[in-house]
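Student: Protein chains in written order, with our numbering: chain A, 1 to 555; chain B, 1 to 380.
Watch out, some of these pointers could steer you wrong.
[Stated by the list, open to error] In silico BS3-like pairs for lysine-lysine, Cα to Cα no more than 25 Å straight-line:
1) Lys354(B) - Lys351(A)
2) Lys89(A) - Lys99(A)
3) Lys257(B) - Lys541(A)
[Stated by the list, open to error] A few chain B residues facing chain A, derived, Cβ under 8 Å:
4) Leu78
5) Gly163
6) Val164
7) Gln171
8) Ala176
9) Val301
10) Glu335
11) Leu344
12) Val346
Because the hints were derived from the structure by calculation, they are not lab data. For glycine and all other residues, C-beta sits at the position ideal for the given N, C-alpha and C.
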Amino acid sequence: MFDVIHQEKNNKIASFFSRLLLVFSILFFTNSIQAQSVEDASFSSVANQLAGAKLKQVSAIVDSLTQYDDERLLPILKAMLEGSLYYEKKSKRLVFTKKLEDKSFNTNGVFDDKPVENVKKNTLRKVKTNNKLRSSIRKTVAQITLFANDIAVREKAIKSMFDDLSKENVALLNQLKETEKSEKIIELINTALAISDLKNGDVSLRLQALKKLEGNLEPVVRNEVTKLLEKDSEGNYKEDALVVSTASKVLQSIEENVKFYGYLETLFFGLSLGSVLLLIAAGLAITFGVMGVINMAHGEMIMLGAYTTYVIQLLLPNNLALSILLAIPAAFIVSASVGILIERGVIQFLKGRPLETLLATFGISLILQQCVRSIFSPLNRQVATPEFMSGALEINPIFSITYNRLYILIFALVVFFLLQLILRKTSLGLNVRAVSQNRDMAKCMGIRTEWVDAMTFGLGSGIAGLAGVALSQITNVGPNLGQAYIIDSFMVVVFGGVGNLWGMLVGGFSLGVLNKFLEPQTGAVLANIIILVGIILFIQKRPRGLFPQKGRAAE
Amino acid sequence: MSMNMLLKRESLLSDSGSRWFLSLLAISTAIVFIGNVFIPEGSALHIDTYTVTLFGKYLCLALLALSVDVIWGYCGILSLGHGAFFALGGYGMGMYLMRQIGDRGVYGDPLLPDFMVFLNWQELPWFWHGFDQFWFAMIMVALIPGLLAFVFGWLAFRSRVTGVYLSIMTQALTYALLLSFFRNEMGFGGNNGLTDFKDILGFDLQADSTRITLFTISAAVLAFAYLLSRSIFLSKFGRVIISIRDAEARTRFLGYKTENYKVWLFVYSAILAAIAGALYVPQVGIINPGEFAPLNSIEVVVWVAVGGRGTLYGAILGAILVNFAKTRFTGIFPEAWLFALGGLFVFVTIFLPKGVVGFFSERKNKRQNNKASATAEVSS
Chain A
1 MFDVIHQEKN NKIASFFSRL LLVFSILFFT NSIQAQSVED ASFSSVANQL
51 AGAKLKQVSA IVDSLTQYDD ERLLPILKAM LEGSLYYEKK SKRLVFTKKL
101 EDKSFNTNGV FDDKPVENVK KNTLRKVKTN NKLRSSIRKT VAQITLFAND
151 IAVREKAIKS MFDDLSKENV ALLNQLKETE KSEKIIELIN TALAISDLKN
201 GDVSLRLQAL KKLEGNLEPV VRNEVTKLLE KDSEGNYKED ALVVSTASKV
251 LQSIEENVKF YGYLETLFFG LSLGSVLLLI AAGLAITFGV MGVINMAHGE
301 MIMLGAYTTY VIQLLLPNNL ALSILLAIPA AFIVSASVGI LIERGVIQFL
351 KGRPLETLLA TFGISLILQQ CVRSIFSPLN RQVATPEFMS GALEINPIFS
401 ITYNRLYILI FALVVFFLLQ LILRKTSLGL NVRAVSQNRD MAKCMGIRTE
451 WVDAMTFGLG SGIAGLAGVA LSQITNVGPN LGQAYIIDSF MVVVFGGVGN
501 LWGMLVGGFS LGVLNKFLEP QTGAVLANII ILVGIILFIQ KRPRGLFPQK
551 GRAAE
Chain B
1 MSMNMLLKRE SLLSDSGSRW FLSLLAISTA IVFIGNVFIP EGSALHIDTY
51 TVTLFGKYLC LALLALSVDV IWGYCGILSL GHGAFFALGG YGMGMYLMRQ
101 IGDRGVYGDP LLPDFMVFLN WQELPWFWHG FDQFWFAMIM VALIPGLLAF
151 VFGWLAFRSR VTGVYLSIMT QALTYALLLS FFRNEMGFGG NNGLTDFKDI
201 LGFDLQADST RITLFTISAA VLAFAYLLSR SIFLSKFGRV IISIRDAEAR
251 TRFLGYKTEN YKVWLFVYSA ILAAIAGALY VPQVGIINPG EFAPLNSIEV
301 VVWVAVGGRG TLYGAILGAI LVNFAKTRFT GIFPEAWLFA LGGLFVFVTI
351 FLPKGVVGFF SERKNKRQNN KASATAEVSS
């Protein structure tokens with residue numbers, strides 16, 4: 001008993017001294033604060049005390065800074081958290097810094113906007129912080145951001161509080177809840193409050209909280225609920241039986257939800273892969289459908305499209321969005337004209353000899369690959385992603401859709417329907433369909449089949465070029481880019497049925513989805529093998545694919 | 001007259017091409033053998049072991065080209081996956097050679113090959129048992145690729161997959177094998193494959209005498225395979241095969257089960273390719289999954305196309321020519337090789353549809369026709 005009192009006393013004494021010290025430190029080292037009242041002292045002059053201050057002083061200064069409602073506070077605190085707040089040794093001017101590769105800094109004044117580049121490290125000194133200080137700063141930042149005007153900022157602030165639901169934070173959350181209008185934020189607050197109840201409340205509060213958290217997808221919720229199910233060393237549950245049974249039910253509902261969204265995510269990845277396969281296979285399919293020619297250089301048309309994107313980006317380094325939009329027609333034109341060149345230069349001499357055409361186009365693919373290797377070097381090149389395509393659409397905490405894949409999916413569908421439109425509604429399309437059904441009869445009707453062949457080959461290659469633009473956004477651009485996808489897209493053509501665009505659509509997406517669903521169970525390589533073997537077997541049942549061409553023309 | 005020619009049974013050596021080819025092969029083998037063994041080092045006529053091994057390699061590749069010609073030239077089946085059978089045969093031989101290393105490996109394990117010790121495997125996988133026996137390994141070299149060809153061919157030909165479709169499927173086959181052999185879990189050394197061989201049947205693989213023996217065996221096997229293939233195409237079986245190439249539907253209507261003929265020919269061709277692989281591995285000293293790459297298989301087709309398909313010796317000639325060029329080119333001008341190879345694909349398909357052999361025989365025919373018409377004019 002006495003011991004306890006003694007200890008308490010000691011603690012009190014200790015805390016008294018530390019406060020005293022704090023007061024002294026402010027008194028002695030922060031002259032301006034001493035001279036002026038807190039209200040009067042300008043924010044910047046207080047902040048400038050940070051330059052050259054010792055650790056203890058820093059924490060005091062930060063405390064006094066938080067008394068101000070100044071918009072410049074947040075960047076300063078954040079910079080301190082990142083360790084990028086420095087001051088110049090001579091002038092004691094506070095600067096934000098950005099470290100460069102050669103260990104010098106780009107700096108910009110905190111209170112004056114004078115950016116300087118390549119400042120040497122030895123002229124600067126860091127504002128001191130330690131772990132304890134950082135954690136208190138983090139808290140302060142959370143409090144400030146919690147009442148920010150921007151919803152996204154508030155959301156982030158609440159989420160960062162999930163790990164630290166102290167009484168003060170809960171009070172803050174309750175305070176926010178009263179004024180908050182956004183439903184999304186209110187829901188987040190409710191989740192946070194429920195977690196706090198789960199941790200600290202009594203049995204009835206816990207049960208209520210559990211009810212609220214049913215099916216919630218925040219990772220923290222899952223952890224907390226799992227904690228309730230912990231057993232002690234003797235194998236008994238630590239918690240009340242009712243709580244345990246409810247918790248296990250809630251956990252189950254959460255896991256089911258997680259699983260469901262996991263499937264959704266896999267489905268999305270599958271569709272994304274499928275959209276790429278569709279783009280590649282569509283071009284391949286129309287050349288095969290019309291000319292009976294498998295173009296082995298198709299992969300290289302993709303590569304050309306991707307390199308066109310890369311070159312345009314080099315020419316327009318400051319406007320990524322524009323460069324991507326320009327790359328779409330440019331890649332189409334480049335690949336299409338190379339395609340037409342190949343058709344006129346080689347393939348037209350190999351009429352009616354599909355196997356030889358296959359070999360010749362393979363030779364062309366080798367030449368194109370080596371060309372690119374000689375011009376751009378064999379190394380992979382990176383194509384930057386414009387801002388509107390980077391980032392992800394967050395649907396809930398565990399399921400988000402990356403924008404680049406989403407856009408590619410949409411792009412593939414748009415290209416697909418445009419192609420359908422061309423084939424159905426234009427005179428070129430009419431000719432193409434006529435020639436693919438019966439070449440001789442079309443010729444008799446006065447269709448210039450030679451011209452149709454060249455145009456078809458150009459169209460197919462151009463679409464491959466578009467596929468190259470899409471691929472440049474998800475992988476690096478290199479000479480072997482086309483090779484990686486070409487065998488898969490052959491499979492799509494074989495699976496979907498030659499010369500049928502709807503077959504490509506179904507084939508592309510189903511192979512993509514199948515691949516992604518197999519992957520977690522078997523690994524990427526085995527998934528590929530299983531699909532290849534599966535298609536070999538599939539061909540047994542339907543030698544002409546899912547949607548074979550019908551009628552006499554098919555034979 | 002033409003009826004007579006068809007009815008007259010050709011004998012094995014009745015055409016001049018075969019006679020030329022076989023005597024050329026025999027003479028050059030003899031020259032290399034004598035040049036290596038009997039002519040002392042330092043003499044201008046001496047042929048060093050490096051060259052002998054290089055020629056041995058060409059002969060193995062020529063056998064591979066022969067196997068492709070058997071099905072492409074005579075049955076019109078364009079296989080873009082024959083490298084798979086070649087590599088499987090090579091792996092069979094590689095496994096035997098691996099077991100022969102015994103405890104001389106880096107880790108000195110008496111039973112497990114080095115890569116298994118490295119991967120922390122405790123015991124030999126079941127499919128490695130028996131490969132310490134040469135006869136067993138040789139049976140497997142023929143059996144496994146033959147079986148694979150049978151299953152694949154049976155599935156493909158029975159459902160009448162033909163033309164470009166079939167080519168793509170064979171390519172997918174070798175691609176699937178490529179991917180699976182890259183996996184360490186498969187138990188074939190993964191990425192690195194099998195290498196570091198020591199000896200074969202007790203003979204040191206590095207020794208000059210072993211090298212020249214392997215070369216001679218390769219030449220003998222090539223000659224034997226040539227004669228066997230030729231006799232097949234002179235038999236009734238071969239006649240049906242050729243008629244399938246020219247008009248499959250008609251042959252079928254005449255009552256022949258064309259798919260059976262095609263399957264057996266495919267199996268025969270696969271076994272030839274596998275034997276080529278098994279002879280190739282001890283000479284180059286390594287087998288890795290790279291041999292399964294689709295590009296390799298397609299390259300073989302080009303050798304056949306360059307030489308001229310449907311003649312057997314044309315394929316062999318093409319393989320040796322292109323590989324010789326490849327060795328020279330990649331030595332002098334490594335960057336230009338792919339340009340040259342690609343150009344060759346295009347050039348041969350457009351300008352030399354019957355290959356080098358076809359080009360010369362056509363010129364010969366033309367000359368003969370000119371002579372014939374000239375004499376006819378004179379006599380009239």
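Student: The structure should be examined with respect to each hint, and the outcome stated for every one.
Tutor: Taking the hints in turn, this is what the structure says about them:
1. This hinted pair checks out: Lys354(B) and Lys351(A) have alpha carbons roughly 16 Å apart, not beyond 25 Å.
2. A threshold of 25 Å between alpha carbons decides the hint, and for Lys89(A) with Lys99(A) the separation of about 17 Å falls inside it, so the pair holds.
3. Note on Lys257(B) and Lys541(A): the hinted pairing holds, with a Cα-Cα distance of about 20 Å set against a maximum of 25 Å.
4. The interface hint given for Leu78(B) is met, as the beta carbon of that residue sits about 5 Å from the closest beta carbon of chain A, less than 8 Å.
5. Evaluation of the Gly163(B) hint against chain A yields a held restraint, the C-beta minimum of about 6 Å falling below 8 Å.
6. Proximity of Val164(B) to chain A holds as hinted, the smallest CB-CB distance being about 5 Å (cut-off 8 Å).
7. Below 8 Å, beta-carbon pairs count as interface contacts, and Gln171(B) has one with chain A at about 7 Å; its hint therefore holds.
8. For the restraint placing Ala176(B) at the interface with chain A, the shortest Cβ-Cβ distance is roughly 4 Å, inside the 8 Å limit, so the hint holds.
9. Checking Val301(B) against chain A: minimum C-beta separation of about 6 Å stays under 8 Å; hint holds.
10. Among the interface hints, the one on Glu335(B) holds; its C-beta lies about 6 Å from the nearest C-beta in chain A, closer than the 8 Å criterion.
11. Contact between Leu344(B) and chain A, as hinted, is supported at the beta carbon level, the nearest pair being about 7 Å apart and thus within 8 Å.
12. The interface hint given for Val346(B) holds, since its Cβ lies 5 Å from the closest Cβ of chain A, which is under the 8 Å cut-off.
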